[in-house]
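J.: These protein sequence lines map, in sequence, to chains A and B.
Residue numbering for the first sequence follows the working numbering, beginning at 1 and increasing consecutively.
Residue numbering for the second sequence follows the working numbering, beginning at 1001 and increasing consecutively.
Be a bit skeptical, because a hint or two may be false.
If you want the ones that stay clear, here's a sample from chain A, every Cβ over 10 Å from chain B, calculated [as the list claims (entries may be wrong)]:
(1) D20
(2) K27
(3) K29
(4) N44
(5) L65
(6) G121
(7) G123
(8) E126
(9) R189
(10) P205
(11) T294
(12) L318
(13) K319
Reference listing, derived: stretches of chain A covered by chain B, where coverage requires no fewer than 3 residues with Cβ under 8 Å from a Cβ of chain B [as the list claims (entries may be wrong)]:
(14) 190-198
(15) 219-233
A few chain B residues facing chain A, derived, Cβ under 10 Å [stated by the list, open to error]:
(16) T1041
(17) K1137
(18) V1140
(19) A1192
(20) N1225
(21) G1227
Because the hints were derived from the structure by calculation, they are not lab data.
This structure is a prediction, so every number in the text was calculated from the model and none was measured.
Positions of the beta carbon are idealized from the N, C-alpha and C atoms, including for glycine.
Listed below, chain by chain, are the residues.
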Amino acid sequence: MYEKDGEKYFVVDGHMHFWDASEENTKNKYGEGFIRCFYDYHKNLSPEEYVWPLEKYRKYDEATLMKDLFEDGYVDVAIFQPTYLTDFYHKGFNTTEQDAVLKEKYPDKFVLNSSFDPRLGEGGLEDFEAKVRKYNPKGVKLYTAEWHDDSKGWKLTDPWAVKYLDKCQELGVKNIHVHKGPTIWPLNRDSFDVADVDDAASTFPELNFIVEHVGLPRLEDMCWIGTQEPNIYGGLAVAMPFIHTRPKYFGQVVGELLYWLGEDRLTFASDYALWHPKWLVEMFVDYQYPDEYTEYPELTTAVKKKILGLNAARLYDLKVPEEMQVAGDGDSGPDVTPKPAIPQEATIGGHSE
Amino acid sequence: MRTTTTGGPAGPPVDAPPVDRDAVLAALGTVRDPELDQGLTELGFVASLEIEGDTVRAHLRLPTYFCAPNFAYLMVADADAAVRAVPGVRQAEVVLDDHFTSDEINAGIAQRRSFQESFEGLADDELDELRTLFRRKTLVARQQRLERALLDGGTTKEELGRLKLGDLPPSPELDTYLQRRAELGLDVGPEAPLVIDTAGNPIPPELLEDHLRFARVTRVSIEGNAGFCRGMLATRYDLPTPTVVAD
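Please put together the full structure from these sequences, using the hints given.
T.: Right, dumping it as structure tokens:
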């Protein structure tokens, strides 16, 4: 919980990790490149006093995580988003099984999500079902750029992906977090394109699709698909830290998202240990648009409360103390006010294909 | 670094004109990152340039190890072609450093193989479609920059919707906008409307507001990415850059 000027904010960190990129666990040059790339993100966007040494960043311990999130970082509930990357790391980068240890120890602090890889076919589907029955996750984190043997990426519209999503629906795994990355296949397409999320969201209207990193670097595609499907959400991991280094750009990103998706479909996240939630929460609550941004929807205290925790709490059925709710908002659900039809250039992302 | 050489068995004829370093840099500057719509030199992607006689060696670098390989390939291929087109250049080696597909890309460029051959089994087509897609996105962003300048200068949205290219005063924004229109094969004549969709169709007045809004988010996206990539490059290679920027 964060308190400022008499207002209390319920904080859900919608995307965080407990990863192991230690040298012993790193399998190859790709794993080494991956963690160094992550470290540059961390170093580039964090305030100086929050920058860790590389060694600590590669592998941090439970005590550090618990202190950073729950003692210092104001987080009430944190959502584990596993990222396997078993082609890069011997035991995986952070798996459901690894995250489950902390979930078991601190059941009220964490939401444990799982993951699937449609390229594992029938056997993978059975394993996924067993995992869901064991851990009872309400969500999955999917990384479409993940490598598996010869395959260097996949799409939500692949036939096996549809079967796995069917299984999610059947088992009540209702929150599908999608992370786009630079796939190697197919190289001649834009791998950051979120058009497949649009298709999946209309095929599975009962599932919620949370596009991680609000589709960056394709904010325009994200905004476009957000107007098409009411069950598409934007996860603000990676967008949040711009609040420090590039506050004007941050205002534009949030302003655009509030216009296109609305205040009920955005969720806060630190992407810990990429960034520390403490400064993100503090700066976000203090944030005001620059004066010249007159065309964006207002970023009021109520909107900030929704983004920082209430929206994710709704998706995951988390209990929020009455004093931290937004007055009069009750169970209004997401804003699905129709947005105006967008002329032809909306097809620039290839969505008309 | 030598810029001329006086022959020898492997050297050029003694009367060959020396290769002009500034001309090579200018050529590299015309190569643009297809996503960010800025030149390789202004982005800091040219790590080093060495000229020896009629041979040019350029090393390129990117903001991260995992930058999208398709765009990386396009930039290296375009840089290679641009360097080879500079007067006096007979040999060129354009190399991408520190990228997870450096080996594949560099081998492909050195052997002048197509993209598809360089990534055997991992790509099913050439990259023209991708290039066109991003030219369209950047057309929208360039148009929006011009529109924003006009609106800031007091033009109303209704007036904007009626403007023809011939009505506009010269400006750098207009030049870059017209250049991209021409590259996409769209009308750049003085009677053509300023505000168009990516297929070149005029925007009906009732859709103008939405058009302008979508153009704005497209520009925000592209400019935001460019700013982030600059920051990441600076962090990766320890380059001087302000850590907190105003835009």
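J.: Are any of the numbered hints broken by this structure? If so, which, sorted upward?
T.: Violated hints: 3, 4, 9, 16, 19; rest satisfied.
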